[in-house]
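Asks: Each chain is listed here by its residues.
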Amino acid sequence: MKSLKARRILANALIYLLLIVLSVIWLSPIVWLVLQSFAGNGVAARAAFIPTSWTFDNYINLFVDNGGAIDAMFPTWFLNTLIVAILTCIISTLFVLLTSYALSRFRFKARGIFMKANLIIGMFPGFLSMIIMYWVMSQIFHLQGSYWSLVILYSAGSGAGFYISKGFFDTISKSIDEAAMIDGATRNQIFWNIILPLAKPIVVYTVLTSFMSPWGDYITSSYIIGLQNPSQWTVAIGLYQMISNNDFIMSYYTQFAAGAVCVAIPTTLLFIFLQKYYVSGVTGGAVKG
Amino acid sequence: MENENKNNISSAKSSNEGSQGNIVLTENVQPIPKSTFFFLNVLEAIKKVVLWVVDLIWSIFLSLAHFGVMIGHGCQLATVGTYNFFKTKFYQFKYNDLYGRLSFIVFGASSFKNKQYVNGVLFLLFEIGYILFMILGGGHNLFMLGTLGTFEGGSDPNCTDMFCDYLLPDNSIMILIYGLLTLISIFVFLYIWNRSINSGYNNFRILHYMKFKKIYEENEELSMEIDNAAKLAIENDVSFYTFKNENKQKYLSFAEKFEDYGDEEINKIHLGLCKIISNESINHSYKHYKLLNKENKKLQKFKDKAVEIENRRAEQRTQIDPNDEQKINFFDHTTISILARQKQKIRKQTYKIFEISKKHSNYASQQGVLNASMYEKYNEFYRVRQDYRNKIVFYENYKDICDKFDSLKDKYIAINEENTKKKSDLLVERDKKLEEINKKYDEIVANKNRLIGELKALNARKAEEIKVCNKDPEQVSIIEDKYFTQISKLSGELHGLPDDKVIKSMKKEELNEVKHACKRDRKYLKTNFTDQTYSREEVINYMLLDYKFEHSFASKIINEVLVKEKDQPIRHLTESEVSAKLATLKEELQNYEANHQDCFVGRPKSFKEQVNSLKNENFHLTILSLPVLGVVLFTIVPLLFSILIAFTNYSLGHQPPTQLFTWNGFENFITLFAAPADSVYSMLPSALMLTVGWTICWTIIATFSNYFLGIILALLINKKGIRFKKLWRTIFIMTIAIPQFITLMSIGILLKDTGAVGTWWAQTFGNRLGFGTDPTNGALVSKIIIILVNVWVGIPYTMLSTTGILMNIPNDLYESATVDGAGTVTQFTKITLPYILFVTGPYLITQFVGNVNNFNVIFFLTGGGPNLSGTALQVGHTDLMITFLYKMITSANNPQFGIASAIGIVIFVICAFFSIIMYNKSGAVQSEDQFQ
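Chain order of the listed sequences is A and B. Start counting the first sequence at 1; every next residue gets the next number (my numbering). Start counting the second sequence at 1; every next residue gets the next number (my numbering).
Hints are computed from structural coordinates only; laboratory data are not their basis. Remember, it's a predicted structure, so these values are computed and weren't measured experimentally. Take these hints with a grain of salt, some might be off.
[Said to hold, decoys possible] Straight-line Cα separation of at most 27 angstroms, BS3-like style, residue types lysine-lysine; simulated pairs:
1. A:Lys5 <-> B:Lys720
2. A:Lys116 <-> B:Lys294
3. A:Lys276 <-> B:Lys725
4. A:Lys174 <-> B:Lys615
5. B:Lys287 <-> A:Lys116
6. A:Lys276 <-> B:Lys507
7. B:Lys89 <-> A:Lys109
8. B:Lys830 <-> A:Lys5
9. A:Lys276 <-> B:Lys720
10. A:Lys5 <-> B:Lys471
11. A:Lys174 <-> B:Lys515
12. A:Lys5 <-> B:Lys482
13. A:Lys109 <-> B:Lys275
14. A:Lys5 <-> B:Lys725
15. B:Lys448 <-> A:Lys5
16. B:Lys471 <-> A:Lys276
Pulled out of the complex, with its shape left as it was, chain B reads as follows (with noise of 0.2 angstroms):
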């Protein structure tokens, strides 16, 4: 059907440019022979094979030069983060009260001179402790880690007579590991003395809040200036260095104008803030103008794209037989779809440069706001006045909220009645919608339903027709012509239809929003309202609004003043009662005043509101610092050490506890690369790029193959009128199960020359299979075997993660693609397999990582044979590096510890650069905050 197809708008494409009067065409009526489909096609595929190669080789060289751009990115952030720690420090010191700056020195002296009693101590316990630490053996170990120890053993060089005991000598490993760690406990030392200084720098700004709020408020105009020049500089693709020189001189004169606040400290403030605050506020206009030119112009160039769909879809429409209603209908139908998906796009990036400009503020309101939440929350002052001024007006409105307190009194029937009858309308409109819901999916179904119907009425038809031409191959052709419009049509149309399950789920969904809103908005219709507790509610609103109290306030107000008790009736204030309370009040707010000069009383987090918080805002620091300490001291700490034995001569003839090592410098990395030929590492380099070679093809070949198939095995699972799916799922969970060395082990056991299907295999073919065993047969089936069993093994996990992503791609875009007459396999090639790669490329580079490390299936399987011949290294055909390097350790006779630590950073390197280079190519490089 599908060729009759084809023939059909093939014909129907020639007929129709032979109408139109081009030249070429007469000819072109006739088939073209099948050899010719054949050569342009095998044409296709070399062109296709070479454009993939060379994207390929040019996304190779686009990974280097991605690798060092951030490599010289990573040394720029360093440079400038090293230089402005320093510089931040620099002005921590120079605007800094005694306290503050003595805290550079002794560990917690400005907490002690803020009450925070228990920090204080805790910063200056660590600082004593750090310091009788270096002295202790601190200093010591890191002097030995020059030589990795000097004593060679023997026996005591004090002892005179000759019944010394022998002395081991200096455990070189040891010496590193403890040298280290005192490297590392420095940075630890730095990191406390910088958290000691902030905590002092920060309650200094908490003491000093006012005045630097008062910079802040009056920055502001300034700030938006900045910004609006910001905004222009970028549309004039002025550079940044152009634009801030330009506006610098703006923020110099600024801090001149107000050059005299009168007191010495507070100028020096003044001034090193409008300086941060200068630098500060135009890097920050500038980024984000920046920013949002780029998505503009992406936005632009969407639209332009759309633009010139919309216009070739047109132009090539009128090209079609305006007869060919069909062809018609399919064209517009694909524009439609195709349109769609760009103007999605469209809409996404709209939202996307909206969400920006929303959280876009100038930088002075937004260090207003940021300010306000870290240093105002601390000012008792500012809580209590405005306390006592809320009171105030509170009382001064008294009278007015009495009334409306007293005028809402009987209203509280009506409401409740209203409410009543409200929650029952709710209920009787929500049955309504049900109803539509149901119905509206009953048509669809029906509809569905009665296209089947015709459909099959059609084949019957159909059928009936053939059968009493008897099957005269003519006659059938000009009847499978007659009904071949209307079947596709009928069947394009019922493509279209979305399943049942989904029409299923769709309505379940939307009946249980329904429901879902019916009960919400129920529930916050009270029908128990009595008069005080809705004169209550209302005039909580009520001062709310307009009196701009907060809602704790109002509340606790109305409880103590007007609703003493429950349901007691409520007795008045009289006039003069009110008067002489709001006198007090007055006299008491003036007084609180005057004793507070300073306008601030900071006060910075007590203990005990520290430990509160790490149950709440600050929960992720309890629960992170267990998992990070194991992470750090059991995994970052000991890497850190192999990669300093690749500088080493640690190896035999140089093992502790008997022996010293050293360092050696590149050494290792020289033998390992360009061994001298009279060494007795000569075979060394060229193992090295056997095994460099074999994890290349291995680590590209187990990855992609483990994918695709198990893609495949997910797809042909997930098929639909595939039943028994969660046995054949478990079947292949079995392989997860059971522990992998047991099932590898086995299979090597199986494979070998002595097992079953070695034995079959010599018995049948007469030569031996030579699985991990044979040096000169047997290396090439040892390595597809163990791809082979690597299938076996990995599978069952791309399968299983792979089956989610596959349920949820989205279905229009296969309903599209069906009425595109994409068959099976280009739905796959064109849509499955770039979404699933879209959505998996992190997983794709842990899984390319993880088969470089496949210790397992080596190690089990052959143990890296069959061996090398001629050569001293026990190094196989099979062996990964990883292996290769496993038998360099645990090598009895040979242990080559150093060398295997180099050839261990050479297996990162590798590792690091195809990860690069998938990481560019998968295009998955997106916010994770999209997907939340």
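So that you can see chain A by itself, here it is in the shape it has in the complex (with noise of 0.2 angstroms):
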């Protein structure tokens, strides 16, 4: 029979064991695709863990055109890229902060048609409406392959993602409007000059997500922008014909993997640095589901 505190060590030896395992587990396929991006035998070292030569050739291939049909093309979708999400970000962002006062503060006639038909709305798959979409905006807008039409695509429909940001302001205590209503402060005042210096947690939290959002969909921007002009892709399309295409697998499969690194080492560091807000911005929105 051991003592309680021979135990708790014993328990915590074992959590810490089980941690180590996980966190190997889960970090491994990230460091596999690095690996990968210095490998100097091409599409042979997807078979190995470890490549068996290394260059860092891959890298600076993204940028130079050696006469492939895509070669050179990664900055372009690079910029593509980061326009759209960051026109996108903008946009949905104040959708979703507006959307969620507006529902957490105010009391209106439609708010519980609104929030209702939402949940409703979200069960359906949303891409089946891409194939209007595409119509829509080739023939009414006429933006066909341009990223202004994914930029209307992605932002225009986010205030409905209201349910974790409502949920925030939801925990900022209401009495605060009230007393700034006291003093004489309008709501627009409240909104602007109170409110949101005190969400900052769900403020970074949602231009996190709505920046993420565009800067990995494929499944919207493939349909919409479509495959035969490589100059209008995204990094996600670009990077998905590398490996998915068969003309193309053989000579960029390592750049595939230079360019996944390359994406997402700007995401890696907004998070690493933002890390604190998003998980207060989690919890604290999620608390109420």
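Bring the two chains, given one by one in their own frames, into a single complex with the hints.
Replies: Given below as structure tokens:
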């Protein structure tokens, strides 16, 4: 019979061991991808855990035109995606925050209907509407292949994703609003000057998520942009083409790995620096679901 | 140690039962063989599983019933709503002035009459614009919607020579889009029409407010009567319809009593209002008392249960050996905690009932308040007259007020001194309180340290004794027994105390509270009064109380009449001046009243006020307009389109812009579920069933595996004594930080036969792993791997969102559980899990829906493969319905938009069905306002 303390130490040791094993599992695909991006032996590299020869050329080749069909297109894709993501991020952050503030603080007639309808709409597979949006974008707006169509598509409906930030606004006490109203502030001033500074975590969280979704989206962009013109692609389309297209995979496999690492770096950095806000945004908002 | 404990208790139990002379017991003293235990456990487990399954099936039936009830309820609501809408419109037409009636046809007519020119122009412009739109193109759009285009392409039929251009056929999809948009615009038109009528009607109500007010005032008594009748009716279980019929007569007789106002129009209004009021007043009262009755019954149930628990526990307590002090203590402690929980429920319920009854007042008075806020504030006459009256009251009491003002003149010095003293007193008091709190917490900490010290000493003594007896097992067990009671008592006490972190935060909170209270109190004690400022404030208060003035009026008139300039000596008016002023005021008032015979000068909001209200009380309209427009135009309308497409033959051979497509009824659904064996799609129903099965299977496994494993991970990371919490969290967040398509694609490559894992598998085990490619052996493997990878992707999200919830679980639940002797696992299943399930019910539902539509994981890992053999369809073993649908849409040689949309509808039905089940099961169906 062991004493309590020994048991606790044993339990903690086991937990540490488990966490270390889990961490290795969680990081290994990422590490493997990074290793692949430095592999010197082309598509054969994928058969091994650790590449046999090393090179930095994969990264250089992303930017140099060697005469291939999609050579040196990566910077264009990256720029396309960046513009789309930033514009989407600005618009949809505004939309989400405004919607969730209104739904959290105001009680109006259509509120219940809007929230219920939103739940129901969420159950339909969203990209069915892509069939229609393709036609709307090309025939009504004449934006076929342009990244503006993507910006519109990503951000226009973003107000529907208000759940987490509404939950967060609900946790901010209403008496703050009331006090400000007694002092004579309008609702407009209250939102911009009082509530928003208090809701910093959820602002950061919303910015992050609304940047991430266009950054990593494949279905919508591939359907709306199409595959005809590589200079209009986003990174997701480009990288997917590099390995799914049989003409490309032989010569572009390691470039894919290098490109993927380049795409992952900005978001990873963002997450690491803003982790504190992200976590408190999620935990603050999700308590209410 | 735990084992020992259990044995102790069980032996105590058996001996105790024996002493009471029970019959069976003597054999029971022998230890039960292990195999029996195992057998019993298995039985127990089977029982639990069976119960769970029965419960699930029952809840599925319940959900189906619920679904049906909901649909019925929706239909009922829609019918009643439409009926009420037209009834209201009818009343609004019947009881309205000429302009109000005119605005049924010409939008904004009554706005013009009430000088709301901008509103009127906007209404009118909309109407003209809409009519023009309908004539120019809208009507055609609607007409074309019936056939989706008739011209099949070819050369221009009007052109006679042979050099005609080839013309494309009608673009069916654009016809569909324009047609549906026109259809929606009709609803917008109806909405604006309604707005136009309502604004006219409200203006009418504002104009004739006084007449309405009279009726409401007269109705008050009757409304109270109805209220009491409703209370009685609920107590006697009288049904709503009987109740309504009984009380309807009262209102009709009431309406007849005041039949003649001498004016045809007012008589009509009166009768109409009486009808509306009678209807709504009866509904209102009945509804309220029904709710109250329901809540009261619930309260009674809680109370009964508390009594029952108390009795049961008391009975159980008598069965315990009275000499076993420790056990009795345990028992009492648990009893108290169980009862406390029940009492908390009762308290909450009582409070709820209190809130409900507080909010309630009878219909007439409620409407009175509502009307005052809606219509009275526009009444300029009322405001001006009140102003005059207030002034007259002021001048009538002028001398009194001046005396008061003067008498307060010298008091300010004393008040200043007093306030200064009070302020310093407050500081002293605060310091005292702070000290007390510090002392209190020091005591708690000291007590805790003492307990720890004692426990350590006991343990040391025990270890020494064990050492002395050379670890002789018999001796050891005797010593263990000897110390057991003491140690467990001490550790129980220790467990009961909050941990250091909690103590610290509680202390900080209390200290802050005291500090804030002191600061707040000090702020309101002014020490810089002058004679004027002091008397002014006091006199204003006096006027508010004695003459019932509004604060704004009181301060205004004091400033105007008494304190004209700051720090100037006050010159009082002489008596004659006052009486002259009074006379003029009275005359003015008379003149004003004479000039406004109508007694009411209603003024609706001006355009400027309306615009300003968008920044304030109507701010939600400003901020919601764009997002909601976006959601409607780019989410809801496209969804309606895709639903409509499910009823067309939009597919290969019917593709715009070179081909037409048209409506084909339910043909797509028939193909989907029962395609004839000789058709091209004969394999479709079986393939669909396969995907539906796998989708449901996948969704359930993926959702729950992510959920529970995520919670376990969060528990591991947040466990006390685990360090580097932030590092662990960062590692797991990496999956969220890197875009999914990258990680999933690279894992896909890694696992394929050509990838590193596939190669390694083949080298080690000699056969292919077949992930996503091998239809004979790889199907099951692929499915398992996909679920595992999904765990890899999904756990971090659950971990993050449950971390906050875990921290919020009330600590006393765990404490009482520890006292009851619950282990870690029991605590998890009995406390942590139900609590999290309760709070995250809605989150679980969104996760569920998200997993049904989880496109990324399947598409990037296997692309649906390994493909089904023997079918022309491009469907694989791991295809979810959503990827199946995607393949149908994007397939280059056989696109099937119609069938794909039909599949989308099937997905919706599945999602809705399971959501309702989970919604019923989760129990988090509660009013959201409770949280705020």
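Asks: Holds or violated: lysine 174 of chain A with lysine 615 of chain B, Cα cutoff 27 angstroms?
Replies: This hinted pair holds, its Cα atoms lying about 18 angstroms apart.
Asks: For lysine 5 of chain A and lysine 725 of chain B, compute the direct alpha-carbon distance and say whether it is at most 27 angstroms.
Replies: holds, 21 angstroms
Asks: Is the Cα-Cα distance between lysine 830 of chain B and lysine 5 of chain A 27 angstroms or less?
Replies: holds, 25 angstroms
Asks: Quick one, are lysine 89 of chain B and lysine 109 of chain A close enough, alpha carbons at most 27 angstroms?
Replies: holds, 19 angstroms
Asks: Keeping to a limit of 27 angstroms between CA atoms, is the pair of lysine 276 of chain A and lysine 720 of chain B held or broken?
Replies: holds, 20 angstroms
Asks: Going straight from one Cα to the other, do lysine 287 of chain B and lysine 116 of chain A come out at no more than 27 angstroms?
Replies: holds, 24 angstroms
Asks: Compare the distance between the alpha carbons of lysine 5 of chain A and lysine 482 of chain B with 27 angstroms, and conclude whether the hinted pair is satisfied.
Replies: Between lysine 5 of chain A and lysine 482 of chain B the Cα gap is close to 21 angstroms, so the pair holds against 27 angstroms.
Asks: For lysine 471 of chain B and lysine 276 of chain A, compute the direct alpha-carbon distance and say whether it is at most 27 angstroms.
Replies: violated, 53 angstroms
Asks: For lysine 448 of chain B and lysine 5 of chain A, compute the direct alpha-carbon distance and say whether it is at most 27 angstroms.
Replies: holds, 18 angstroms
Asks: Between lysine 109 of chain A and lysine 275 of chain B, is the straight-line Cα distance small enough, at 27 angstroms or below?
Replies: This hinted pair holds, its Cα atoms lying about 25 angstroms apart.
Asks: Under the criterion that the straight-line Cα-Cα distance not exceed 27 angstroms, is the pair lysine 276 of chain A, lysine 507 of chain B satisfied?
Replies: This hinted pair holds, its Cα atoms lying about 26 angstroms apart.
Asks: Below or equal to 27 angstroms on CA atoms is what counts here, so check lysine 116 of chain A against lysine 294 of chain B.
Replies: holds, 26 angstroms
Hint compliance for this structure: hint 16 is the single one not met.
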